[in-house]
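A.B. asks: The residues making up each chain are set out below.
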Amino acid sequence: MASAEAIASAQEIASALKIARPKALATLIRLLGGLDPAEDALQEALARALEVWPQRGLPDNPSAWLIQTGRNKAIDQIRRRSLESAYCRAERQLASGGPPDLDLSADALRLHLRDDLLRLVFTCCHPSLSEDLQIALTLKTIAGLSVEEIARAFLLQPRAMEQRLVRAKRRLAEERVPYEVPDARALPGRLGTVLSVVYLIFNEGYKAHRAPELVRRDLCLEALRLARLLKRLYGGEPEVGGLLALILLQHSRRDARLDGAGDIVALDEQDRGLWDRQMIVEGQALVEQALRRKQPGPYQIQAAIAALHAGPETAAATDWAQIAELYGILERYQGGPVVRLNRAVAIAKAGDLAVGLAMLDDLSGQPEMQRYHHFHAARAALLAEAGDAPAALERYEAALGLAANPAEQAYLRRRIGALRKI
Amino acid sequence: MLYTLLIYQAEEEVEALSAAEEEAALAEHRKLHEVTRGNGTFVAASRLVPTGAATTVRRKDGEVRLIDGPFAETKEQLLGLYILDCASLEEATGYAKMLPSVPTGCIEVRPIMYMSDPPEKR
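Protein chains in written order, with this note's numbering: chain A, 1 to 422; chain B, 1 to 122.
In case anyone wonders, no lab produced these hints; they're calculated from the structure.
Quantities reported herein were computed from a predicted structural model and do not represent experimental measurements.
Don't take every hint at face value.
What the hints assert, rightly or not - Derived, one-sided and incomplete: chain A residues facing chain B with beta-carbon distance under 7 Å:
1) S15
2) I19
3) V281
Unchecked claim - Taking lysine-lysine and the DSBU-like style, the derived pairs with C-alpha atoms no more than 35 Å apart in a straight line are:
4) A:K349 to A:K421
5) B:K75 to A:K18
6) A:K18 to B:K97
7) B:K31 to A:K18
8) A:K207 to A:K18
9) B:K75 to A:K294
10) A:K169 to B:K75
11) A:K73 to B:K75
12) A:K294 to B:K60
Cβ atoms here follow ideal geometry from the backbone N, Cα and C, with glycine treated the same way.
Let the hints inform the model, and build the full structure from the sequences given.
C.D. replies: And the structure:
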């Protein structure tokens, strides 16, 4: 449909739709009384937008346009399908999806938008869905990714991803999950689930390394957008700010994490000039803002740790003592060997090499750690620092046997090579 | 006369920009930097961290309080600003038109009544 006289470029339209889509869907669910009819109506409205917008230009309020168009399409369809009496029934149904509010003025839409979006967020991340289903549904309905995009990001066939989405919706229907914002008592737990879904999406993208997986890096940006959306909706919750800060601070290092050959560069060897300073500044500001409220939580603490890594100009200037202390606090919220491992490393780097190594010795009995290549690699690094090259080599070899990712294997081989030269 | 160019745009719009669009916008900023530095009108420019990280200090119920977020929920947010030394309002608005936020956002051009000398960099 693109013509030479197009007023709105394809890119402008794509950006506008990205913003408008979740808002329109959230409101259509309220107006039409369900996720499925809302998605159908939105689909029609999106198709119409792609026809009309290039010529007429973007509407003043794209989400209101999509809602209006989608709602009209839904009513048309009901009209076409049935007799006038059935239409009256449908009209009643439309209204029963929420308060009988069919006022589509910009003010009325704005008034409901926050609640509409939150209902959608909490429904997609409902505890009756498994993590896989929560992630898939969130990316589809809130982030607005296509089934193909989500499938590609998770290395699945589109059909398999489609089935996953169908399963998610069926589960919501079977369990009669109410479409609502949880009450105050349930809120902290439910909000925690929402945050963890967003963080899982980020980590899924963050794990991606080599070129064929580059598409997965888009997941990091989607997670960032979702975290920003949550911050707007739930700005008063310090953990929401903590999550946004954590994602910003980790993502700020994206260009320094891999070298030209696609190999992993350890944090202390990264070119700090490649770090995204603007993301770091924003992340640090959010950490400060959140901590001021004195309601610490795991995301805030992890973000504070990331901020301590991001601050100094050289790796040598890192304040390991404070990082070790923060890991100690994090252990109160998130027990488990991985946090303990990080704490042990921080303690060692802060100067207590023997204490750190002893903590790792204690951990080595855990089967989970025995299978975890980072554990062996961390132990190897500390052993090497303590001057025990043979033991360090042995641990690096163990790590190499467990690492599945080619970039990580290459990194470990370089370490082994360096130790053999000594 | 010193003028400030206050850049207002919906943060959501800026967040939704693709990498290519973001780069195109930055190129327009670089161009304005180049022009105004070249003719000596440039004084300062800044890009602000998104309003989510803002803290508002406000007196409420007889008490000075800190509130997370910007002071008002508005459609458009203050994203950054330029300070330029221009001969006329016309010159200042001419530079404002060069900014990439103009198509969807807006630029508020206001003369500066008072500005202290910039301190030595800390």
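A.B. asks: Go through the numbered hints given earlier and state which of them the structure violates, listing their numbers in rising order.
C.D. replies: none
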